[in-house]
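Chemist: The lines below spell out each chain.
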Amino acid sequence: MKLVIAIIKPFKLDEVRDALTKLGVEGMTVTEVKGFGRQKGQKEIYRGAEYNVVFVPKIKLEIAADDTLADRVVEAIQHAASTGQIGDGKIFVTDIVQAVRIRTGETGSDAL
Amino acid sequence: MKLVIAIIKPFKLDEVRDALTKLGVEGMTVTEVKGFGRQKGQKEIYRGAEYNVVFVPKIKLEIAADDTLADRVVEAIQHAASTGQIGDGKIFVTDIVQAVRIRTGETGSDAL
Amino acid sequence: MKLVIAIIKPFKLDEVRDALTKLGVEGMTVTEVKGFGRQKGQKEIYRGAEYNVVFVPKIKLEIAADDTLADRVVEAIQHAASTGQIGDGKIFVTDIVQAVRIRTGETGSDAL
Amino acid sequence: MVRWLMQLAASRVRLGFVFTAFAFFAIAAPATAQDVALSNGNTAWIMTSTALVLFMTLPGLALFYGGLVRAKNVLSVLMHCTAIACLASVLWLIAVYSLAFGNGGPLGEWIGGLDKFFLSGVTVDSMSGDIPETVYFMFQMTFAIITPALIVGAYVERIRFSAVCLFSGAWLIVVYAPVCHWVWGGGWLAGKGVMDFAGGLVVHVTAGISALVVATMLGARHGFPREISPPHSPGMVMTGAAMLWVGWFGFNAGSALAANGSAGMAMTVTHISAATASLTWMTIEWMRYGRPSLVGLVTGTIAGLATITPASGFVGPIGGFLLGISAGIVCFAMVQIVKYRLKIDDSLDVFAVHGVGGALGSLLVAFFADTAFGGRGLSDTVTMGSAFGVQLTAVIVIAAWSAIASFVLLKIIDAAVGLRVDGDQEVEGLDITAHGERGYDI
Amino acid sequence: MVRWLMQLAASRVRLGFVFTAFAFFAIAAPATAQDVALSNGNTAWIMTSTALVLFMTLPGLALFYGGLVRAKNVLSVLMHCTAIACLASVLWLIAVYSLAFGNGGPLGEWIGGLDKFFLSGVTVDSMSGDIPETVYFMFQMTFAIITPALIVGAYVERIRFSAVCLFSGAWLIVVYAPVCHWVWGGGWLAGKGVMDFAGGLVVHVTAGISALVVATMLGARHGFPREISPPHSPGMVMTGAAMLWVGWFGFNAGSALAANGSAGMAMTVTHISAATASLTWMTIEWMRYGRPSLVGLVTGTIAGLATITPASGFVGPIGGFLLGISAGIVCFAMVQIVKYRLKIDDSLDVFAVHGVGGALGSLLVAFFADTAFGGRGLSDTVTMGSAFGVQLTAVIVIAAWSAIASFVLLKIIDAAVGLRVDGDQEVEGLDITAHGERGYDI
Amino acid sequence: MVRWLMQLAASRVRLGFVFTAFAFFAIAAPATAQDVALSNGNTAWIMTSTALVLFMTLPGLALFYGGLVRAKNVLSVLMHCTAIACLASVLWLIAVYSLAFGNGGPLGEWIGGLDKFFLSGVTVDSMSGDIPETVYFMFQMTFAIITPALIVGAYVERIRFSAVCLFSGAWLIVVYAPVCHWVWGGGWLAGKGVMDFAGGLVVHVTAGISALVVATMLGARHGFPREISPPHSPGMVMTGAAMLWVGWFGFNAGSALAANGSAGMAMTVTHISAATASLTWMTIEWMRYGRPSLVGLVTGTIAGLATITPASGFVGPIGGFLLGISAGIVCFAMVQIVKYRLKIDDSLDVFAVHGVGGALGSLLVAFFADTAFGGRGLSDTVTMGSAFGVQLTAVIVIAAWSAIASFVLLKIIDAAVGLRVDGDQEVEGLDITAHGERGYDI
Ligand SMILES: Nc1ncnc2c1ncn2[C@@H]1O[C@H](COP(=O)(O)OP(=O)(O)O)[C@@H](O)[C@H]1O
Ligand SMILES: Nc1ncnc2c1ncn2[C@@H]1O[C@H](COP(=O)(O)OP(=O)(O)O)[C@@H](O)[C@H]1O
Ligand SMILES: Nc1ncnc2c1ncn2[C@@H]1O[C@H](COP(=O)(O)OP(=O)(O)O)[C@@H](O)[C@H]1O
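Protein chains in written order, with my numbering: chain A, 1 to 112; chain B, 1 to 112; chain C, 1 to 112; chain D, 1 to 442; chain E, 1 to 442; chain F, 1 to 442.
Keep in mind the hints are simulated off the structure, nothing from the lab.
C-beta: ideal position from N, C-alpha, C; glycine also.
Heads up, some of the hints might be wrong.
Computed, partial: chain E to chain C, Cβ under 7 Å [said to hold, decoys possible]:
{"id": "1", "residue": "Thr216"}
{"id": "2", "residue": "Pro230"}
{"id": "3", "residue": "Pro231"}
{"id": "4", "residue": "Tyr289"}
{"id": "5", "residue": "Val295"}
{"id": "6", "residue": "Val335"}
{"id": "7", "residue": "Lys339"}
{"id": "8", "residue": "Ser386"}
In silico SDA-like cross-links for lysine to any residue, where the CA-CA straight-line distance does not exceed 20 Å [as the list claims (entries may be wrong)]:
{"id": "9", "chain 1": "A", "residue 1": "Lys34", "chain 2": "C", "residue 2": "Asp18"}
{"id": "10", "chain 1": "B", "residue 1": "Lys43", "chain 2": "D", "residue 2": "Tyr340"}
{"id": "11", "chain 1": "E", "residue 1": "Lys343", "chain 2": "E", "residue 2": "Arg226"}
{"id": "12", "chain 1": "B", "residue 1": "Lys43", "chain 2": "D", "residue 2": "Trp286"}
{"id": "13", "chain 1": "B", "residue 1": "Lys40", "chain 2": "A", "residue 2": "Glu15"}
{"id": "14", "chain 1": "F", "residue 1": "Lys343", "chain 2": "F", "residue 2": "Arg221"}
{"id": "15", "chain 1": "A", "residue 1": "Lys34", "chain 2": "C", "residue 2": "Arg17"}
{"id": "16", "chain 1": "C", "residue 1": "Lys40", "chain 2": "C", "residue 2": "Glu50"}
{"id": "17", "chain 1": "B", "residue 1": "Lys43", "chain 2": "E", "residue 2": "Asp441"}
{"id": "18", "chain 1": "F", "residue 1": "Lys411", "chain 2": "F", "residue 2": "Trp401"}
{"id": "19", "chain 1": "B", "residue 1": "Lys22", "chain 2": "B", "residue 2": "Gly105"}
{"id": "20", "chain 1": "F", "residue 1": "Lys343", "chain 2": "A", "residue 2": "Gly48"}
{"id": "21", "chain 1": "B", "residue 1": "Lys34", "chain 2": "B", "residue 2": "Thr68"}
{"id": "22", "chain 1": "A", "residue 1": "Lys43", "chain 2": "F", "residue 2": "Arg291"}
{"id": "23", "chain 1": "C", "residue 1": "Lys40", "chain 2": "B", "residue 2": "Ser82"}
{"id": "24", "chain 1": "C", "residue 1": "Lys43", "chain 2": "F", "residue 2": "Glu428"}
{"id": "25", "chain 1": "F", "residue 1": "Lys192", "chain 2": "F", "residue 2": "Glu109"}
{"id": "26", "chain 1": "D", "residue 1": "Lys343", "chain 2": "B", "residue 2": "Ala49"}
{"id": "27", "chain 1": "E", "residue 1": "Lys192", "chain 2": "E", "residue 2": "Arg288"}
{"id": "28", "chain 1": "B", "residue 1": "Lys22", "chain 2": "C", "residue 2": "Val54"}
{"id": "29", "chain 1": "C", "residue 1": "Lys34", "chain 2": "B", "residue 2": "Ala49"}
{"id": "30", "chain 1": "C", "residue 1": "Lys34", "chain 2": "F", "residue 2": "Arg291"}
{"id": "31", "chain 1": "C", "residue 1": "Lys43", "chain 2": "E", "residue 2": "Ala415"}
{"id": "32", "chain 1": "A", "residue 1": "Lys22", "chain 2": "A", "residue 2": "Asp67"}
Looking at chain A on its own, in the form it has when it is part of the complex (with noise of 0.2 Å):
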């Protein structure tokens, strides 16, 4: 199982979700960060002045999903979260080695 774990802007996020809902993914988390990389921050002005956002707003989504569904997801994330502009973010995709669901205690897939 993996734990696919994307960085994308934040208003991407509905596209995105939409996105993997029709994949079947049935759920996800989302958790509100702050991306630093090529893009450099945008510049706020205030009272004429200059200010560097170092920190951009971004949203990072976690989705745990089978093997099989993982690279779609990946694929599907890609797609709708892409502009083509500096920014787009990133999906990094780690190993699961086991999952639990709270409710049932069900694990492996079945947890999902």
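Chain A is already provided as a structure; the job is to place chains B, C, D, E and F with the ligands on it using the hints.
Modeler: Leaving out everything else, chains B, C, D, E and F with the ligands in the frame of chain A:
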């Protein structure tokens, strides 16, 4: 060593923390997240209009633990966080290849 | 490829970022979290009453890096984030099985 | 003699012709009234009321509306309200005061003149009744500020900022100035004895109808109605509502233009209506959904305040109580109807709360002003029926004019600069895309 | 003649009998006083004061309390304050004003009558002294709003909303109306010459004692005292406190019922006491904990304001200064005693700050009113000692009545609907469970 | 006779000598004026103005400044403003009022005396013109509160709290008291007929220059100018600015010390200047950066308000309009110059907005007061040129004194307790390190 990631209902945090402290867990990291899953979001009503709150407030716990302790951690969380109602959350376990305590530079189990 | 997860004191963020930038790290993701550990929470006093703030504000950094770079990332963080006082935080390293840059679809090291 | 005139004016309040009288003074006084004795007490109260009514918009209404939108648009709403306040103030000085209250000559039934362009001729000594004309100018200005700001609630989260500025400015000249003149500036409705003590017609009906038009023409927000997020800060909504409530004492009791029994009664009925409407709304929610909400409670407050406004100088405590109950029930129902039957995204319910409330009060005052309902008494020359006829005419004509003029203005502005931001900007939020700022960095 | 009466009233202020006198007018005036000349200046000030005192509750007190609780309960606190304000307003109209200030006939020592039910008989022309009776009605109403709202601080984060509504309404009738009548409405304490310029007894002692009773009966919050989280928004607390401070000018200086030297001096001593108590509290914290806190500083402000309230019409600047210092020291100590000795979860320290402060000021005024302490002078017929006796009697009787009546009311309400939400709801927070809303969606 | 004196005073307003006259009354009145009839209307307005000006600082300015800093320092800013308000109030009572407005005897050109130490000799009956002296005392006190609080903007995010207290207290005595005496207390500048209706010199120039000095001596914040984070809450900034705007009606129109035409005109020009400056600033930002910001818009508001302040009793609507435009342009430019040319971290632009605005208005009033520019007229004995000479002298001398005295005070305080927190504390934020609190726990 394992990283136990648990998504739980916010008001279960204190009970889970107590359960883990009893197991001898000495540290954990908590993040406020939003969950999307079977629990289809509370309906909030404003001015008589229903809003589907798609994302439900959840708490994410991350606990690094030795392989031996990890299973008991999972079990303890599953018991303490369960209400039997939809939306209780998930536990995912991943492998940690290295751990360091910043203060001392200790690594491995000693770092926890 | 590795995902380096570091929990640090908030006011160390700028120093850590500088240290990582010097190493050539080009991106990272930052989350505000709350930590529970040996550092038993600041005592805040309101109206003469002590409150045990069990959870201490911390910053979580996530940095994806090549295996070779990862060790130096860990080391750099450990140095930059250390104050020698309890509560300095932890670094955990996990494996990444795949990385994708959303904008271009590049994978692996090229995605970082 | 002057004192006698004042008393006449005061007594005519009870006859429902107060604004005709005041309008007469407002126009006639500065020319002839060097001999009217200034009342320090009344001047103190109207200056205080001016501060209170400005406070209603800045920051009251701004916070009330700002808390109702999503966090990514909160600053844009505050920006709309503040910029409109500034714009309206300058336009009021330049021309709108004169168009509303100046001497219209042969067109006087329809519009004032430009004789008071830039307050020309108005000095420290100019009087309007027994208060300085500058104070009357400022007090009325605060009404001209809040009225276009009320419309903000219809177009939040998707409008272009340039369209906000152009529309609000033009609307003040084309809608507010003439309607204000008709009702309070000695125009044709004043001549018919229309009753609008503090702006049910001039403020709430004009803003409410225009809101409906702009919401329709702009189209709904992305995701409306099912995927709109709830108010991002109900506490901010309540804070703003509380400021509106307190400020409304200046709005309604200040409209007596004196610190006297008329003002005291206006304050009383205003407060009672607000409290009653709040409890009514809360009760409806409690019964229907099992949980009374803070946003609901204070929406009831605003409904009660808007509804009593036209009637506040004419009705008694029982009238205030009954108007409050009506406001809670009717406005609650209208929110549902507009959003779910008409499917119009009048986003913060400007029409359902202000437009409907203002119209409701403007119509019911014909009855509740009667002593039979504990009111302060209709004029001897009218009956409840004939008074209702005048009120109904006023509501219809003012609504029609507001709708038509708003429609035309919006068509022109749409052609000129476009009304709506593009989809990406809407999704990302107006704060960062239109103003380069973020609401919360905590 | 009228003018002579007014002057008599004014001079009696300095004799410490002001409220007896005013109460007399309040009752007697409407019937006979068509010939009392209305003062526009005084009317302006009391209408302004009414707005200021309403502002103290909405949003002042609501924000002050809202910032002190956890984020998951902030809306419930705002809801309590707003709903109580609405409820108190309607009840005030229906019966409480009449019970407090109406003609009680043979029971007049104990309670007013129902002659002013729904303001019956009160018209635009009714006078209360030289201001309209409606204005007096409204001004007094704002006191009836804030008093039950003060008690909110005792029961936050765990009470049922229905219990809030039932208790507050019943409490107004059973506790507030009679005590107000005794002290300000011509009842037995007024007859004894009790001094309570602006509500140390009527407002702060009643609310403080009742708070202690409700906190005890409701039980402590889950985790009290060690695991309670700190105030979620000290900035909100300070904002509310600042509004309370500004509004308190209306509370105390408005209680002169005129814009004159008595009001000016009341405003001065009020402000001095607030500033002094704040600095005192800050200094204590600085010395004891090494870090003065914002929450501490403004808690001192409120303590200073509550303490000066009963004395504000009787003492001079030096009295204000000394009362402020006493307030800071005594209230600081009481907070600790209640929480750690008595172990009562009077969550936001209503008793320690308001109850104790109000009682302290009510007792010390017997001395500081004397010219020896720079006061405005006790009546010729009393000594410091005899005045103290009257004040002490008043504090004891009012505290006892508040405690007993609150106890009985709470027993009844507990049986009827239950006082406390269940444990899960408490942990999850009242905002979402009782009102279906969340405080911050940012 | 008294009435004749009052009228004289009123007419002299237009001659630009108002403060000389009032200062004369303030000093002379209490001794002789038991026969001056109290005006309830004027007293009502000045008490209201007192509440409004206190509201400007608490919470207005506190929120305005608090929103501009980073979240980790928000509480420290609120703490600074509140503690300064308390400290200034107590010092005002003890000595500063007396030093500013007391009888200085042979030193009377330079400083008042200590005859009014602790308000000695001031009773309920003491008058200052036709209002109670206590009311005059309170009104003036609110100016003494806001002036040192304005300086807070220069030293936020890095100063020690003990230094804030010591500096603010000493500054009031050494800078504020004498300057206030020179201009408003019958001192040498009053004798020269200097025009400063509401505090362009006394408040804004003193605070602005001192801000520049403290910012320079304290040094820039860590990371200035490139790595400073943007304002953490523009909505809080706007809320504070709105409260400042509303409160400024008390500041400027209250400075007429009466509810009359002079007050009405002051309110009018104040409002017009604020609105115009806001739109000017917004337009500049829109043209230069493509996006008008909320923080910019309301910064324009404050610039317009500071600039009109000295002129508000002397100019007409057109003067207000032109002053507003000048304020927007000049203050905008100065913000850039101070930060990027002078590289001084006057963090919240106190000098560029208040100092420059106040000086600008103080100089331009020499022209705009003339009837040629629609003003209320210069005195017969002066020309625009000679008036400008007096104003320029006043600006230079006051600026010099403020700078020198602040420099010396800061040197002493630095030696005594240190001005600046250490680096770690600055990075972690003053809220937690100096006050043990966190701004947001949500
Ligand atoms: N090495 C990394 N580790 C973790 N997160 C990263 C890393 N690099 C980038 N990110 C995240 O991805 C976001 C986008 O990266 P950026 O370099 O700005 O643009 P792009 O993805 O288009 O190359 C960043 O804001 C950051 O949150
Ligand atoms: N596949 C998933 N990946 C990551 N997080 C998930 C996933 N499925 C559910 N979650 C998280 O678990 C929470 C609870 O899931 P839900 O399906 O609502 O209920 P239950 O766990 O009782 O089946 C969700 O709100 C979400 O935060
Ligand atoms: N076992 C753990 N799993 C996850 N996070 C941990 C763990 N132990 C500590 N942490 C995180 O590290 C932070 C610092 O740990 P703490 O024990 O207080 O000090 P130190 O790292 O100096 O020993 C905690 O606040 C918490 O966020």
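Chemist: Look at each hint and say if it fits the structure.
Modeler: Taking the hints in turn, this is what the structure says about them:
At about 18 Å, the closest approach between the beta carbon of Thr216 (chain E) and any beta carbon in chain C exceeds 7 Å, and the interface hint on this residue is violated. Taken as an interface hint, Pro230 (chain E) checks out: its beta carbon lies about 4 Å from the nearest beta carbon of chain C, inside 7 Å. With a least beta-carbon distance of about 6 Å to chain C, the hint placing Pro231 (chain E) at the interface is held under the 7 Å criterion. For the restraint placing Tyr289 (chain E) at the interface with chain C, the shortest Cβ-Cβ distance is roughly 5 Å, inside the 7 Å limit, so the hint holds.
Because the closest C-beta pair between Val295 (chain E) and chain C is about 5 Å apart, less than 7 Å, the hint holds. Below 7 Å, beta-carbon pairs count as interface contacts, and Val335 (chain E) has one with chain C at about 5 Å; its hint therefore holds. The interface hint given for Lys339 (chain E) holds, since its Cβ lies 6 Å from the closest Cβ of chain C, which is under the 7 Å cut-off. For Ser386 (chain E), the suggested interface contact is broken, since its CB lies about 37 Å from the closest CB of chain C, more than 7 Å.
For the suggested pair Lys34 (chain A) and Asp18 (chain C), the alpha carbons sit about 16 Å apart, so the restraint of at most 20 Å is met. Our distance criterion of 20 Å between C-alpha atoms is met by Lys43 (chain B) and Tyr340 (chain D), whose separation comes to about 17 Å. The hinted pair formed by Lys343 (chain E) and Arg226 (chain E) meets the criterion: a straight-line CA distance of about 11 Å does not exceed 20 Å. Between the alpha carbons of Lys43 (chain B) and Trp286 (chain D) the distance comes to roughly 15 Å, so the proposed pair stays at or under 20 Å and holds.
Taking the CA atoms of Lys40 (chain B) and Glu15 (chain A), the gap is about 18 Å. The hint holds against a cut of 20 Å. At roughly 11 Å between alpha-carbon atoms, Lys343 (chain F) and Arg221 (chain F) fall within 20 Å of each other, so this suggested pair holds. Distance hint between Lys34 (chain A) and Arg17 (chain C) is fulfilled; the C-alpha atoms sit about 13 Å from each other, no more than 20 Å. With a CA separation close to 13 Å, the supplied pair Lys40 (chain C) and Glu50 (chain C) stays within the 20 Å bound.
At most 20 Å may separate the alpha-carbon atoms for a hinted pair to count; Lys43 (chain B) and Asp441 (chain E) meet this at roughly 15 Å. Our distance criterion of 20 Å between C-alpha atoms is met by Lys411 (chain F) and Trp401 (chain F), whose separation comes to about 15 Å. This hinted pair does not check out: Lys22 (chain B) and Gly105 (chain B) have alpha carbons roughly 27 Å apart, beyond 20 Å. Proximity of Lys343 (chain F) to Gly48 (chain A) is assessed by CA-CA distance (about 14 Å); at most 20 Å being required, the pair is judged to hold.
Between Lys34 (chain B) and Thr68 (chain B) the alpha-carbon distance is near 30 Å, which puts this suggested pair outside the 20 Å criterion. Proximity of Lys43 (chain A) to Arg291 (chain F) is assessed by CA-CA distance (about 12 Å); at most 20 Å being required, the pair is judged to hold. Between the alpha carbons of Lys40 (chain C) and Ser82 (chain B) the distance comes to roughly 27 Å, so the proposed pair goes past 20 Å and is violated. Restraint check for Lys43 (chain C) and Glu428 (chain F): the C-alpha separation of about 16 Å stays at or below 20 Å, so the hint holds.
The hinted pair formed by Lys192 (chain F) and Glu109 (chain F) meets the criterion: a straight-line CA distance of about 11 Å does not exceed 20 Å. For the given pair, Lys343 (chain D) sits about 12 Å from Ala49 (chain B) by alpha-carbon distance, which is consistent with the 20 Å threshold. Taking the CA atoms of Lys192 (chain E) and Arg288 (chain E), the gap is about 43 Å. The hint is violated against a cut of 20 Å. Of the supplied pair hints, the one linking Lys22 (chain B) and Val54 (chain C) holds, its CA atoms being roughly 16 Å apart against a limit of 20 Å.
At roughly 35 Å between alpha-carbon atoms, Lys34 (chain C) and Ala49 (chain B) are farther apart than 20 Å, so this suggested pair is violated. Straight-line distance between C-alpha atoms of Lys34 (chain C) and Arg291 (chain F) comes to about 36 Å, which puts the hinted pair past the 20 Å bound. This hinted pair does not check out: Lys43 (chain C) and Ala415 (chain E) have alpha carbons roughly 40 Å apart, beyond 20 Å. At roughly 18 Å between alpha-carbon atoms, Lys22 (chain A) and Asp67 (chain A) fall within 20 Å of each other, so this suggested pair holds.
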